[in-house]
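Visitor: Residue strings, one per chain:
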Amino acid sequence: MDTSMAQNWLQFHSLSGFPLLTLLCALPLGFALVALAIPDEHTGAHKAWSFVGSLVTFGATLLVLSGFDRNAVGFQQVDDYAWIPSFGARWTLGVDGLSLPLVLLTGLLMPIIFAGAWSAIDKRWKEFGIAMLILETGMLGSLLAIDLLSFYVFWEIMLVPMYLIVGIWGGKDRIYATVKFFIYTMFGSLLMLVAILWLYQKSGGSFALAQLAHLQLSSKEQTWLFAAFALAFLIKVPVFPFHTWLPDAHTEAPTPGSVVLAGVMLKLGTYGLLRFAIPLFPSAMGTFSPLLLTLAVIGIVFGALMAYVQTDVKRLVAYSSVSHLGFVMLGIVIFNEEALQGAILQGVNHGLSTGALFLLVGYVYERRHTREIANFGGIAAKMPVYAAFFVFVTMSSIALPLTNGFVGEFLIFAGSFKEGVQARIPMALEDGHWRTIVNVGGAFATLGIVLGAVYMLSMVRRVFFGQLTNPDNKGLRDLTTREKTIMGILAAFILWIGVYPSSWLNLSKTTVHAMVQAHRPAILQVRAPLDYKHEAVQHAHADQ
Amino acid sequence: MLHDLALITPQLILLVAAIFTLVADPFLPSTASRKFWGIFGAGMSGLAIVACAALWKSGHSAMITPAFSYHLSASGHALFFTALVSMCAMVTHLSSPQYLIEQDAHYGEYYALLHFATFGMAIMVSAESLLSLFIGLEIMSMSIYVLVAFKRSSAASVEAGLKYFIMGSVASAFLLYGIAFLFGLSGGTSFIEIQRALLSPKPGQDLWLGLAVVLTGGAFLFKVAAVPLHMWTPDAYEGAPTPITGFMSSAVKAAAFGTFLKFLYAGISGPALAALHLPIGQVLGAFAVLTMTVGNILALSQRSIKRMLAYSAVAHAGYLLLGMIASVDDPSLGAPFLAPTGAVPFYLVGYALASLAGFSALASLGKDGEELTTEGQLAGLSKRHPIAALALTVSVLSLAGVPPTLGFFGKLQILRDVLAVDNGKYLPHVIILVLNSVVSAYYYLKVPVAMYMRPDTRVSREYVREPSLTWAMALPALALLALGVMPGRSMTWATRAEESIRSPAEVGNIAHSYAVVKGGGSAKPVAAVVLEKPAAVVPR
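As they're listed, the protein sequences go chains A and B.
Quick note: the first sequence uses this note's numbering, first residue 100, plus one each step.
Quick note: the second sequence uses this note's numbering, first residue 560, plus one each step.
It should be emphasised that the hints constitute simulated quantities derived from the structure, not laboratory data.
Beta carbons are placed, not taken as given, at the ideal position from N, Cα and C, and that holds for glycine.
Treat the hints with care, since some could be wrong.
Claimed, not checked - Taking lysine-lysine pairs in the DSS-like style, the calculated list, with each CA pair at most 30 Å apart, reads:
no., chain 1, residue 1, chain 2, residue 2
1, A, Lys146, B, Lys942
2, A, Lys632, A, Lys608
3, A, Lys225, A, Lys279
4, B, Lys942, B, Lys594
5, B, Lys942, A, Lys271
6, A, Lys573, A, Lys583
7, A, Lys225, A, Lys146
8, A, Lys319, B, Lys984
9, B, Lys942, A, Lys225
10, B, Lys594, A, Lys279
11, B, Lys926, A, Lys225
To be verified - Covered stretches of chain A, as calculated for chain B (at least 3 residues, CB under 8 Å):
no., region
12, 176-184
13, 253-261
14, 267-277
15, 283-296
Claimed, not checked - Partner residues aside, some chain B positions facing chain A, computed with beta carbon under 10 Å:
no., residue
16, Gly901
17, Gly960
18, Pro963
19, Phe968
20, Leu978
21, Ala979
22, Gly983
23, Leu986
24, Thr1054
Only chain A is shown next, with the shape it has when bound in the complex (with noise of 0.2 Å):
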């Protein structure tokens, strides 16, 4: 296959005429900078500020939706200028199939966590307003900038306002959670900066992710590279073992920073895996694959265990987001189609619902100041609607069939059990290790959908059914209007995506075809050699 023909997912489909994406990107940093003129003790004025901020992006968000063309590779809206000029970096940013779901999620995320903030939040509104604007700019210009250095200066900005929002309304341990997110993530990406600065040179200075991605690098390059890439995504993602900063970090964290934290900063590893790690180094990540694998099945099985163990319910959900997070893992894996877009739609899932299930242990915080399970038990009886929110949104992390969480698992097994499997293809020998990899890792996988229904069924159990034994648990209010229009709305999302996936799907559907047309080649080329030349004949054949 032609190589420029195979890349053109990287290439540039459409200019924007006006700079929306930027503008995308500088709204919620402008209404940041106008809050800062509004004096502290006016927290109404900055609560309200800060939800139309969000709106008002919310609605930008929108409008790169209603300008996408879902039938077109490569990147849209594109804005395209110089920055650093005697450094060749450009402020590039676009928007593909890839990025768009995150954006939108993002967009939407960003009002619920202003509207729960309302009350979660009772010091400090100014900063943490400011905060969580500056975080919202970071997180965007991450999704949309594909110029190297723009990402990379994006990608830290998140550090220090989500550092601010941990360390500075978090709970207990705070400090030792915040310093060591911080740490632990500056770690990884500046090995990933000397990465990108060795890319730099080898191109002769340029930071565009299409030049990147032609550059002819040896095997030991690309090894080398493709860790330092990977090891700052998984860092951020995270993957077992290198998710010790997380339950840390989720859990002292304020509801708002655990949302955003789980909705949408931790989908940016994969993110990062998919846009710039794997494009890079497509014959690497053939090595990595079987290693990555099992770190993604480790994890799902791990997180999945130390969840069912945990006895406060924030950390449970911590947990349990390290376990999901494998499964959109291993469909990146395994990369073919169906896995691809299933890791997708997983990564929106999870921040759905996840972010869902923060909110709600919030909600009782709120009103109980602890998240002990044995603190409760029986409170169905007082809290009926919080209840059923509950109850739905477990529905909706266990994957049960017409929620969003079915199709985005059931998409990545469909995925792996096709490439382990591969009916078709007589397995060969050489190629046996490979496909038993996959074939043993899914079954583990499997498990863990197993474990998952486990942790989450017997932690609804015990907080919410059988007797109220708890004399404190008996003036519990039921959730109140906000809180009840919040759920709703995410619970709508849930059985949107849940029962009519084609929606979300079709967004990243050709962006997925282009991407897997481009680099599955590649991979498969180094991880199962007979498969790739039996998947080139069969292309050979399809062309005819």
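For this one, chain A is given, so just place chain B on it according to the hints.
Guide: What follows is chain B alone, placed relative to chain A:
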């Protein structure tokens, strides 16, 4: 003569300011009116920057020929660094008055000494000969020794000044000794003469050249506080008045690195040095790695923020030493002559601004003779003095190299330019630098943690709020962010400054002599080249 004087306008402005301050101070009506010197000093430093900009604009061919028979020049390199140290002086002048009043040490000499120090630095970075370099260095050092000990009632301050003085004098002596050897080798003190003499290795000179390099190099490593010659730093930084600590970590460091660069690239580098088999790059790289690692590790355990920043200054000296390796073929001479890239001066801009913002913010902590600089004493600062807390946060984030501050781009350029040397030969050094940044993030984060996240202490602390001090911390912090978003312009200036590290006169001379050496081969007596009058090929 007039031409010569025009070339050193910035230095003259600083000198005039110094003398005027000294003469006019006794005639001021009251001690309170001494605050005027802060504004005056900032204005005069600003004027020096304007003069630098005017010289920079006025074109290169006419203005950057050396003045005073090859002792000073207004090359891009000289102007860039002069403007940089003047900028540091400007901020220090703004942050000083109120601090000195609080510490009960408000005398007019302080401002005069600050001007003298800046003047010395401006001479030092504009030097085209070792003689003017040494004079500038001594003017600077003498003033700084006194300024460090300026809080006469504080034992720590006097001790710091004395320590710095004794150790600094030893370093100066080493430098002078090295200069003597270079004079013996080349028969002159100007960089042109030294370069011409070193164009060809001569039998028997290796020992003397090696000695000269070790002695001068050691002196410079002392001045930039490289490990193991860093011992004076923590005491001097901690004991000195806080604005002076800021001035030392910004301006003194900038001047020292500017001079070191000039000396290394325009002075002693060349075929003779290459023939010495002294791998300067690797030696610098080893010192860099040692310096950054030791600096960062020692900074980890400090309780006083001032002392912590002193060790962090050592670590940054390590980053800058690594940046000194970054070089390209000289744009006008071509290989084998090297010119540094803009990495070091550009990094210094970000580093100086961050130090100034940070130390100005620290200068506002504590009234009536007390200084609140331990971690615990910073608790709750974000509520009581939000501007200081914000400035200090931006400062440490820039020092840690977090985008979008200027400190990130400084580090980025060092990484890029060092990686480009010899096809990634220094990759291990680069990785060590990056890991060091992670370590440094840990102690830098302590500062915002204390200010924003720790609960307010019960003892209510008093902080200094005064307009000029607030400007002194806000302006550098804003500049860090503004230049961090749009770093292109200052990056280009830094690169252009280093492209002209050899003045055109020097380039012409060397090109001529090098052609003679190469063309003549072994037949031509090399000594003849040395004896030629440099003025013969000066393009005017």
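Visitor: Take the shortest C-beta to C-beta distance between leucine 986 (chain B) and chain A; is it under 10 Å?
Guide: holds, 8 Å
Visitor: Between the region 283-296 of chain A and chain B, see if three or more residues pass the 8 Å beta-carbon test, and mark the coverage as holds or violated.
Guide: Three-residue rule met by the region 283-296 of chain A, so holds; n is 7.
Visitor: Can the restraint linking lysine 225 (chain A) and lysine 146 (chain A) be considered satisfied, given a maximum Cα separation of 30 Å?
Guide: holds, 8 Å
Visitor: Are at least 3 residues of the region 253-261 of chain A within less than 8 Å of chain B when you compare beta carbons?
Guide: Result for this restraint: holds, n = 4.
Visitor: Is it true that the CA of lysine 942 (chain B) sits at most 30 Å from the CA of lysine 225 (chain A)?
Guide: holds, 12 Å
Visitor: Quickly compare the C-alpha distance for lysine 942 (chain B) and lysine 594 (chain B) to 30 Å and report which way the hint goes.
Guide: holds, 28 Å
Visitor: Hint check: lysine 594 (chain B) vs lysine 279 (chain A), CA-CA at most 30 Å. Holds or violated?
Guide: Not OK: lysine 594 (chain B) and lysine 279 (chain A) at ~45 Å, beyond 30 Å, violated.
Visitor: Does glycine 960 (chain B) pass the interface check with chain A, least Cβ-Cβ distance below 10 Å?
Guide: OK, holds: glycine 960 (chain B) within 10 Å of chain A, min 8 Å.
Visitor: Taking only the CA atoms, is the gap from lysine 632 (chain A) to lysine 608 (chain A) under or equal to 30 Å?
Guide: Holds, because 25 Å separates the two Cα atoms, which is no more than 30 Å.
Visitor: Is it true that the CA of lysine 225 (chain A) sits at most 30 Å from the CA of lysine 279 (chain A)?
Guide: Holds, at about 25 Å.
Visitor: Does alanine 979 (chain B) pass the interface hint, meaning its C-beta sits closer than 10 Å to a C-beta of chain A?
Guide: Since chain A brings a Cβ to about 6 Å from alanine 979 (chain B), closer than 10 Å, the hint holds.
Visitor: Quick check on the hint: glycine 901 (chain B) CB to chain A CB, less than 10 Å?
Guide: holds, 8 Å
The structure does not agree with numbered hint 10 stated previously, though it agrees with all others.
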